[in-house]
Amino acid sequence: MLRVRFHGRGGQGVKVASRVLGTAAFSQGCYAQDFPLYGAERRGAPITSFTRISREPIMERGVISQADIVIVMDETLLHDPMAMPLSGLKKGGIVFINTSHSQEEAGAEYKITAWVITLDLTKIGIEMLGRNILSTLAGAVASRIAGLEEDSLRHAVEKEMSDIMTDRELIEKNIEASLYCYNAIPPVEIKTSGTREAGTVITMPFETAGVSSPAIYAIGNTPLRKTGNWRVFRPVWNYDACTKCMMCAARCPEGCILVNEEGFPYTDYENCKGCLICVEECPTKAVKGVLEVHA
Amino acid sequence: MPDPKNVEKMMLTGNAAAAWGVRLAEVDYIPAFPITPQTEIIEKLAKWIADEVMDGRFVNMDSEHSMITAAGAASATGVRTFTASSSQGFLYGFEMLYTVAGWRVPLVMVNVSRGLSSPITLEPDHNDVLAARDSGFLQIHCETCQEVLDSILMAYRLAEDKRVLLPVIVNLDGFYLSFTREPVEVPDVAMVRKFLPSYRPEHAFFKASQPMAQGVAALGGSLYSYFKYQMHLASQKALEVYKEVCGEFEKEFGRNYDTIESYMVDDAEYVLIMTNSFSTLGKVAVKKARENGIKAGLLRLRLFRPFPAADIKDAIHSKKAVAVLDQNISIGKGGILYSEIAGCLYNEKQRPLLLSFIAGLGGKNISQKEFEFIFDKMLEGDTEDVGMPRLLYTEAEWKEAAKLKEIAGRG
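One line per chain: the protein sequences are F and R, in this order.
One rule links them: number in this note's numbering = place in the first sequence (from 1) + 837.
One rule links them: number in this note's numbering = place in the second sequence (from 1) + 196.
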């Protein structure tokens, strides 16, 4: 059985990517199972999804703790202690990273010893689809690495896109872009070996409600959670055009926009999520969205 | 066996499979209220009705309490009715579960299991659906997406049978089934009509020429006792009707769903008892135990109400040890299934050592190591604290919880 895990952020198409892979495998006669995991849904929050592919009926459920293939759709997650996309990758397993870096650079940057494959899906998405939606592109990359046929992928993208959109032109663009990604990745052969899962069962001790009730005593830990790495585009101000009207600051839903000593607005990039409402609202078009290059 | 021409195989989530079951049952009326992880069911049905690929009325209600009331009332007018909920929503409408069951109407509803507050969570355990165990609703618990679709069809047959006329809850696990896609065979509607003809109400319906008062009061204990005990007898009767429905379903669709599923139980000495989607994990553990020379098996409870006591007794009374994995907890007592199973074995001369485990609360994974721990306890014949519920919890999970407690300032 092949076990594939996708990591990305809400809104990038993580769930649909796992479905494209599942449907591609199913359409060529395999058993498949796909499954997204998210908490309270919101754009930008880390999302994981899973696809299992097998020649035999699948006798597993739930999260994949030991993956053969990990697809990282947002490379900022590699630094996220809660997401930990590489945890449980099997020996001999493959990591795909959506990045502008080469395989060697990405491997060195993120200290990955496993086999790394890279492709700049964000750039392809923006150029070929006109937006930062990676579902079919990541599904295509996973289909290639999983050794599925090109026709199965084409069918899967057609099927999954038709289920969620009616724009025929956009469906065609998705097919074209996904086939491009599929062919941009060289075929690979995967030979993995699992490690035995550990886990000693304990007897849970009693603790009083002072410890064991679900309340948080620690204060002020929200600022510790930096949300700046959710951005795909960063807002940048052109002070020559800015009239200091502060419309951007008034409309910022996160309260990230502050005023500098000269009275010009600027944002706190550690927490700005890149929603670009400031770009939309600026009456003099003084704020532009610039594509982020991470790492 | 079904003709493959009449069956389409699709990748469906448990929720989509539920919606397909409702569509194929040609349900007339669906009052709805959203809640994660159930919402996809009513979204799909709403879309099909709006797109006119499904004929029926869909109404958004103001709460689950109103929703279950509307569903029961509609069912009492004699139309085929469906509704769905989960967890907090299911409990919000709880009062009406007892009320609707007392009306003796064949409503079918889906509960997508999700752990109950507090603390609030999203992933599954069965305290929500088991809270309704005494209400009069029959309960069918599913392991796979295919079983969800099939059980809805079977549920209408069972509920509408005039020997039964009690509502049915079909239960599936949130996330593990509700959001998991797997291959599902979707039969065509002509095949379904043969198995499930349209509902012809005989005791509760709306007809201008025949006025009636339904849901009347019964003051004084004797009449009240009569009605309540008749519900119990009808539920017991449903065991027999269930077997017939099961046989006919197999004839038409080629899949067998007995009251219990016995997985490698026949020659087993050590048996796990589980319900719902986590049973799949238990089956893998059984296969691994067999590879290690342990004669293991798994009994899955599918029909929970009426309780198939005779089938359970037959399957396990001669085993060496049985471990009940309750994915629920009756606070202050322990596992709900454990008590029920112990109860049905008490008067047997020969009965197995019966161990109690609490597992998978809030969707906590059950690792193969934890299953090995259970088999070890069964093999040891551990009688220390026998019957006391033991929580399956690993050292790594304890350490992780400790870390989070520290961040929360509760260390």
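These are calculated hints, taken from the structure and not from any lab test.
One or more hints might be untrue.
Listed below are the simulated DMTMM-like cross-link pairs for lysine to aspartate or glutamate, each with C-alpha atoms no more than 25 Å apart in a straight line [unchecked claim]:
id	chain 1	residue 1	chain 2	residue 2
1	R	Lys573	R	Glu465
2	F	Lys996	R	Glu204
3	R	Lys565	F	Glu893
4	R	Lys573	F	Glu897
5	R	Lys484	R	Glu465
6	R	Lys483	F	Glu1006
7	R	Lys565	F	Glu897
8	F	Lys960	F	Glu893
Label pairs and their in silico Cβ distance ranges [said to hold, decoys possible]:
id	chain 1	residue 1	chain 2	residue 2	range
9	R	Ala538	F	Met896	52 to 58 Å
10	R	Lys601	F	Met921	17 to 23 Å
11	F	Arg1062	R	Thr273	20 to 26 Å
12	F	Thr1003	R	Asp199	42 to 48 Å
13	F	Met896	R	Ser262	26 to 32 Å
14	R	Glu239	F	Glu897	54 to 60 Å
15	R	Thr273	F	Leu1007	55 to 61 Å
16	R	Lys491	F	Met1041	43 to 49 Å
17	R	Gly417	F	Ile1039	26 to 32 Å
18	R	Asp581	F	Asn1108	38 to 44 Å
19	R	Pro393	F	Ile1039	51 to 57 Å
20	F	Asn1108	R	Ser262	40 to 46 Å
21	F	Asp917	R	Ser262	39 to 45 Å
22	F	Val1048	R	Ser526	21 to 27 Å
The C-beta atom is built at its ideal place from N, Cα and C for all residues, glycine as well.
Evaluation of the provided hints:
no.: 1; hint: Lys573(R) / Glu465(R); in the structure: holds, 13 Å
no.: 2; hint: Lys996(F) / Glu204(R); in the structure: holds, 15 Å
no.: 3; hint: Lys565(R) / Glu893(F); in the structure: holds, 24 Å
no.: 4; hint: Lys573(R) / Glu897(F); in the structure: holds, 24 Å
no.: 5; hint: Lys484(R) / Glu465(R); in the structure: holds, 15 Å
no.: 6; hint: Lys483(R) / Glu1006(F); in the structure: violated, 49 Å
no.: 7; hint: Lys565(R) / Glu897(F); in the structure: holds, 15 Å
no.: 8; hint: Lys960(F) / Glu893(F); in the structure: violated, 37 Å
no.: 9; hint: Ala538(R) / Met896(F): 52 to 58 Å; in the structure: violated, 29 Å
no.: 10; hint: Lys601(R) / Met921(F): 17 to 23 Å; in the structure: holds, 20 Å
no.: 11; hint: Arg1062(F) / Thr273(R): 20 to 26 Å; in the structure: violated, 53 Å
no.: 12; hint: Thr1003(F) / Asp199(R): 42 to 48 Å; in the structure: violated, 33 Å
no.: 13; hint: Met896(F) / Ser262(R): 26 to 32 Å; in the structure: violated, 41 Å
no.: 14; hint: Glu239(R) / Glu897(F): 54 to 60 Å; in the structure: violated, 27 Å
no.: 15; hint: Thr273(R) / Leu1007(F): 55 to 61 Å; in the structure: violated, 45 Å
no.: 16; hint: Lys491(R) / Met1041(F): 43 to 49 Å; in the structure: violated, 30 Å
no.: 17; hint: Gly417(R) / Ile1039(F): 26 to 32 Å; in the structure: violated, 50 Å
no.: 18; hint: Asp581(R) / Asn1108(F): 38 to 44 Å; in the structure: violated, 51 Å
no.: 19; hint: Pro393(R) / Ile1039(F): 51 to 57 Å; in the structure: holds, 55 Å
no.: 20; hint: Asn1108(F) / Ser262(R): 40 to 46 Å; in the structure: holds, 42 Å
no.: 21; hint: Asp917(F) / Ser262(R): 39 to 45 Å; in the structure: holds, 42 Å
no.: 22; hint: Val1048(F) / Ser526(R): 21 to 27 Å; in the structure: holds, 23 Å
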